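Participant: Residue strings, one per chain:
Protein chains: 2
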Amino acid sequence: MLAFEIQARSGETAARCGCFQTAHGEVRTPVFMPVGTLGSVKALTPEELKDAGAQIILGNTYHLNLRPGVDVIRHFEGLHRFMHWDGPILTDSGGFQVFSLAKLQKITEEGAAFQSHIDGSRHMLTPESAVEIQMALDADIMMPLDWCIGYPAERADVLAAVERTTRWAERCRTVWQAKARPQAALFGIVQGGMFDDLRRRSAEALVALDLPGYALGGLSVGEPAEIMLAVAAKALPLLPEDRPRYIMGVGTPEDLVELVARGADMFDCVLPTRNARNGQLITAYGTLNISNARFREDVRPPDADCTCYTCRHFSRAYLRHLYMARELLAYRLNSIHNIHYYTHLMAGMRQAIRENSFDAFRRAFYRDRRASGD
Amino acid sequence: MLAFEIQARSGETAARCGCFQTAHGEVRTPVFMPVGTLGSVKALTPEELKDAGAQIILGNTYHLNLRPGVDVIRHFEGLHRFMHWDGPILTDSGGFQVFSLAKLQKITEEGAAFQSHIDGSRHMLTPESAVEIQMALDADIMMPLDWCIGYPAERADVLAAVERTTRWAERCRTVWQAKARPQAALFGIVQGGMFDDLRRRSAEALVALDLPGYALGGLSVGEPAEIMLAVAAKALPLLPEDRPRYIMGVGTPEDLVELVARGADMFDCVLPTRNARNGQLITAYGTLNISNARFREDVRPPDADCTCYTCRHFSRAYLRHLYMARELLAYRLNSIHNIHYYTHLMAGMRQAIRENSFDAFRRAFYRDRRASGD
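Respectively, the protein sequence lines represent chains A and B.
Position 161 (the first sequence) corresponds to 161 in the working numbering; numbering is contiguous.
Position 192 (the second sequence) corresponds to 1192 in the working numbering; numbering is contiguous.
If you are wondering where the hints come from, they were derived from the structure by calculation, not from laboratory data.
Note that the structure is predicted; figures quoted are calculated from it, not measured.
Be careful, since some hints might not be right.
Stated by the list, open to error - Here are the computed lysine to aspartate or glutamate pairs in the EDC-like style, where the Cα-Cα straight-line distance is at most 20 Å:
1) A/K42 x B/E1048
2) A/K50 x B/E1047
3) B/K1234 x B/D1196
4) A/K103 x A/D119
5) B/K1050 x A/E48
In isolation and in its complexed conformation, chain A is listed as follows (with noise of 0.2 Å):
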């Protein structure tokens, strides 16, 4: 289990701030995950990962079982010696992949069959192999195979994902318990799509199976912001308060303040690298475009407060330059600065709650978004 400790709370807010254990270290909370979906933070070397503050990161169950392939991986014995990331690993479960991005996908009770959107080759996925996939990858976290609906839907529909979401999450339950190593984690994935009732009745269900956390999924999605926001800030008190909460695949950085408030502990999102690799750096003062021409000559850093590598030595002039010339030191540059921003927003909010200062920390985050950098 990941015995997960409560070290503080913020007084107006439900934010918490605390810790948990993997067999590859601690992780402190909230935190935000960068992703690594094929076994690389796209453009980035552990080491930068480490240095730009990140603590855990996400692989993705889907793209690795087809690239290079689980068998691969496990002459590593798992994806941490495979790719040099000695810290903790989640990992999906697949099924967001599956109903996003493969082919001809079949769903039935026994799990997913699918088509690899790479190269056709059939598969299936079931409950029992995601679980045995990831533990293949060694991840500190697993996740269950669940059934992602897209917004909108029908209720009839998130109905049945979410009765079917709770009957796969027993059953990889039933395989994490017989073969996962003791350090390794499952946690309960909550459905519901944009209905109450329905977040709570996957709630329920999945509290009563007694995981080590709790994620909501299905979230960002296609809905509004205000809808997500509506639909986690009724679903967190559902979740049990010793047990780590995870918001999957949000957000950007109103989000995870957001989301805090609300007693979030955990995110994971592609927002702030792929949108480095777009040429936009997030600062705290709002989103730098860097190609915009007014950045020529400018020999100040993306943000003059900001303490990571790129702002330490290179200018917007410098990565304008390198980002319209497609020179692939502009990704990496910019994935770092992102990177470091997220991580060092989510220790800005962990500081706040233990200094009991999470409203004035909101409300100044707010404060400078509206102001401009420039």
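Here the structure of chain A is known, so what remains is to put chain B in place on it, guided by the hints.
Facilitator: What follows is chain B alone, placed relative to chain A:
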């Protein structure tokens, strides 16, 4: 000037080992200079370059003049601060790129008029402006504008290019002597194609200008490797013993060993970085095409004897996976390895010359390359 000092010579060959001083530090020769075309050695940070053993890097005047433009780099007082590289920089004159890359070039005695290969904008490069641009880049070593002839070429054309290159070198020298800071060096570039007597004519005229160093240009322009080597072998002894001798745009590991044996001191080439981005890892035992299926489960590093960051932490299987998935980290890890291979090949030669064992080094080099690494 460069204060070039020869510290050791190989007994059986013309190889020599030395060092020269620049405003940005000492360079030990023989040396390989990684190419930073657009103000970055593709995919790598300055720290990685140093860690991989790079002492001095190249910048390309033609490219930097078009993007971002020297007016931008002037805001940083040169390329060093712009790109965060505090070591020595050598810049080429842009001549080679005007002839090989630009559109609609028109060469007159005045200089080279051309259109940008990026946006078709019109530019003029003269011997004077080539030096002035390199002064704005704050290059530690500048190259004069020369007229490079391809292969094969008519003798009359090569002769005309030699004569003009000499006249242009004189004009470059005038600007350099009048305006450049005292520590910035200007080299001469010997042309003459594959005609030994024209090489001699070019060398003699340039040596009379008493420049701090001399280069052989117009090699590796399409001629067979043995012709390149034969031409260089005859031209190198025409250059002053007490000045660094630089072979431009060359070459393979074998080229470097053979040219050092003939008395060359400096090299630059895109081969290690370009091949890295094409999945070719250069080792003492030959080249690994990392996409090869036989590396799929290969837990070994590219070269078990190599001490580079890539070989210390990553396997052939992981590098193959990254490369096949087109992950950005692939280009980086491969480039680190290849640059390290080149810089350590040069370090090995320097040590062998100091120990008066260069011939044994050369024999071992070929013996290893004949042996299979797998």
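Participant: Compare the structure with each hint and give your call.
Facilitator: Hint check:
1. For the hint pairing A/K42 with B/E1048, the CA-to-CA distance comes to about 18 Å; that is within 20 Å, so the pair holds.
2. A hinted pair counts as satisfied when its Cα atoms are at most 20 Å apart, and A/K50 with B/E1047 qualifies at roughly 16 Å.
3. Restraint check for B/K1234 and B/D1196: satisfied, since their Cα atoms lie roughly 7 Å apart, inside the 20 Å limit.
4. A hinted pair counts as satisfied when its Cα atoms are at most 20 Å apart, and A/K103 with A/D119 qualifies at roughly 10 Å.
5. Annotation: proposed proximity of B/K1050 to A/E48 holds, straight-line Cα distance about 16 Å (limit 20 Å).
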